[in-house]
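Visitor: Residue-level listing of the chains:
There are 2 protein chains.
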Amino acid sequence: MNETAQRIITSAEAMIREGGYYGFSFRQIADELSIKSASVHYHFPTKEALGSAVAENYTERFVQQLGDFSDQGAIQHYLGLFTASLKNDGRACLCGILAGEAGKIPESLRIALQEFSQKNVTWLQGAFAQLHPQWTAEECRKAAMIFFSSLEGAMVFAALNNRPEHLTEIGESLLQFLSKK
Amino acid sequence: MNETAQRIITSAEAMIREGGYYGFSFRQIADELSIKSASVHYHFPTKEALGSAVAENYTERFVQQLGDFSDQGAIQHYLGLFTASLKNDGRACLCGILAGEAGKIPESLRIALQEFSQKNVTWLQGAFAQLHPQWTAEECRKAAMIFFSSLEGAMVFAALNNRPEHLTEIGESLLQFLSKK
DNA sequence: GTCTATAATTTGATAGAC
DNA sequence: GTCTATCAAATTATAGAC
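Quick mapping for you: the protein sequence lines, in order, are chains E and G.
Mapping of the first sequence onto our numbering: residues 1 to 181, in sequence order.
Mapping of the second sequence onto our numbering: residues 1 to 181, in sequence order.
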């Protein structure tokens, strides 16, 4: 992956998280990087290829940041990743943004998003198992699904209403509720 | 609102809930209704006008279905509306779908979505207050925000992974957790 | 109220020079 | 690897006949 390709991915990710898959074009990216759209096509032949690359790159970076789910305060750390992301650049998670368009985006992109969500749920399931050894695997899986999908929902809700603080509020409350199982 | 306008709104809502605001066009709607795109423009001069009309119509119908929040089992009824919607037509809530594109949709549409979310939270706050008289107004508001945004997240998560049953699962679990405050 | 016709722009994508 | 030039198709939108 050379430098230009990396800059294209960075620019595309920002645009997608701003307005979804149909909210960006090759020309907009080219303009932002002061290159031509043909050059973007050289690195990513189709929009589908670029979209998938963005999703895979996003997943890879996110998983790296996740670290080990058996660490102390793993779930608090997880929550921190979401709130920091929204506060820093004012944009919600790529997966939450694109999930709404799931019915019309290219299949390879939809699959990449499904993988992102599955990896998150699996990681969280492990973290909950570590935190609550008395819980069954099924209870951990359910808590993980709730926590992940609720945070995604809270992010887009917070972004829609321009209230990033709602994400923190909701995330903390969720953790309290979930620990009372 | 005449019949053609109503059919246009119905068609547009289905398409938006399938692929978002940029996932439908005047021509697609015209084709589906066997009319011409110019006729669609006669009823709704701009795409923004049509989008807003869809959101306002959706909110109106949803609020009607909500009924009185002081009824017995109001929150269970609320949850039923969401699960039925996803199971019947396989599509998530309009608000959850469009929230991801919030950064790039016309302002009037974004405002209509904000109003939808606010009305839901207000209704739920009343329902929680009725159900748990010992809770403070702030606790009810927080529970309402959590329940609404989590259900929206669960809907798009369930739709993304083609697992409508996840919405029921998550919704029921959430109610259990929320009642333990 | 619906149509034909068309304008103006944008889109994803390609050919070929350098 | 980036460019110019261009294509075919789709987009939102309008003018004017019926």
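The set of hints was computed from the structure by calculation and includes no laboratory data.
Treat the hints with care, since some could be wrong.
[Claimed, not checked] Output of the computed footprint for chain G on chain E, the stretches with three or more beta carbons under 8 Å from beta carbons of chain G: (1) 103-116; (2) 145-151; (3) 157-167; (4) 170-177.
Ideal Cβ positions, reconstructed from N, Cα and C, are used throughout, including at glycine.
Visitor: Failing hints, ascending?
Guide: Result: no hint breaks.
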